[in-house]
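Peer 1: Sequence:
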Amino acid sequence: MLELEHGFRVVDLSTRLPPTDGGKGAQGQTITADRLERELHQAGITRAVVFPPSTPETSYVAPNNGVARRSVDRPFVAFARINGTQTPGRNATGRLRNAVSRREKHHTSPSDIEKYAYDDRFHGFVLDPAVDDYPDDDVLAALEDVDLPVIVRGGTEAPPDTLAETLLERSFPVVVGHFGGHPLNRSLMNRMIELLDEYDDCYLETSFVRYREQLERALLEHPDRVFFGSGAPACHPNVAVMEILTLDVSEDLLRRAFSKNACRVIDALAPTAGT
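Take my numbering: the final residue in the sequence shown is number 275, and no numbers are missing along the way.
Keep in mind that the hints were calculated from the coordinates and are not lab data. Because the structure is a prediction, the values reported are computed rather than measured. Some hints here could point you the wrong way.
Cβ-Cβ distance ranges computed for the label pairs, FRET-style [what the hints assert, rightly or not]: (1) 222 - 6: 21 to 31 angstroms; (2) 267 - 111: 37 to 47 angstroms; (3) 252 - 186: 23 to 33 angstroms; (4) 157 - 217: 31 to 41 angstroms.
Derived EDC-like pairs (lysine to aspartate or glutamate); straight-line CA-CA distance at most 20 angstroms [as the list claims (entries may be wrong)]: (5) 105 - 147; (6) 105 - 136; (7) 260 - 224; (8) 105 - 138; (9) 115 - 147; (10) 260 - 5; (11) 115 - 157; (12) 105 - 120; (13) 115 - 169; (14) 115 - 161; (15) 260 - 169; (16) 105 - 137; (17) 260 - 165; (18) 115 - 137; (19) 105 - 73; (20) 115 - 104; (21) 115 - 136; (22) 260 - 248; (23) 105 - 57; (24) 115 - 224.
Every residue, glycine too, gets a C-beta built ideally from N, C-alpha and C.
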């Protein structure tokens, strides 16, 4: 595919990388680390946060380690995927389920959080509540202690108000994927943009946000809180970059979305990182 020439430094907050070559990425795509690196280069993406795909009732220790190994000597920044035992618990049944839930071997523990945080291969965490539920209070407290960013997949199964109730009150940075509205739910995206007024350490990531209105609104109202994400390999990064380039906003706002905003929160994405 033709390489994009756009003159912006671009970092990517949403890239899934199977822990082994031949493994399945998002939506079942087969992707190798070399092919992913090549596609990111074609799109002009200089560094990308990578993490393993979500898998129900599976320990993420081995997949996380596999992704970290495959990030060596590549422009990849590994994040550790985590899981939990809690549902939002808004009704009596949910609260009862949470009260009796116990971590099993495949669940992320507070000690796992500490190990990832002090392992210089990892620079943050990823959570998919639709597949893996939410961490319990002890794990959330450990996340606060290490104070690394958490990327959370937002959408119809993890809507903005639920994320506010379970995660956004905590002290660690939270990056909400898909503007909190996957798949293509504009009302949820608008609600997530509104919540930026209430939560100073909450950010939005652009993958699979196909609506110009919501993208432009977020950049104009909250220019420091929008991070670019491609959604690769489910979406070719060329496509994701072009969607941002065609927005009717200033070059300064494009530069913020493409790299400046994310680099303020994630040091490993900065131009001097790894040099």
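Peer 1: Give me the numbers of the hints this structure contradicts, sorted from smallest to largest.
Peer 2: Numbers 2, 4, 5, 11, 12, 13, 14, 15, 17, 19 and 24 - these are the hints that the structure violates, sorted from lowest upward.
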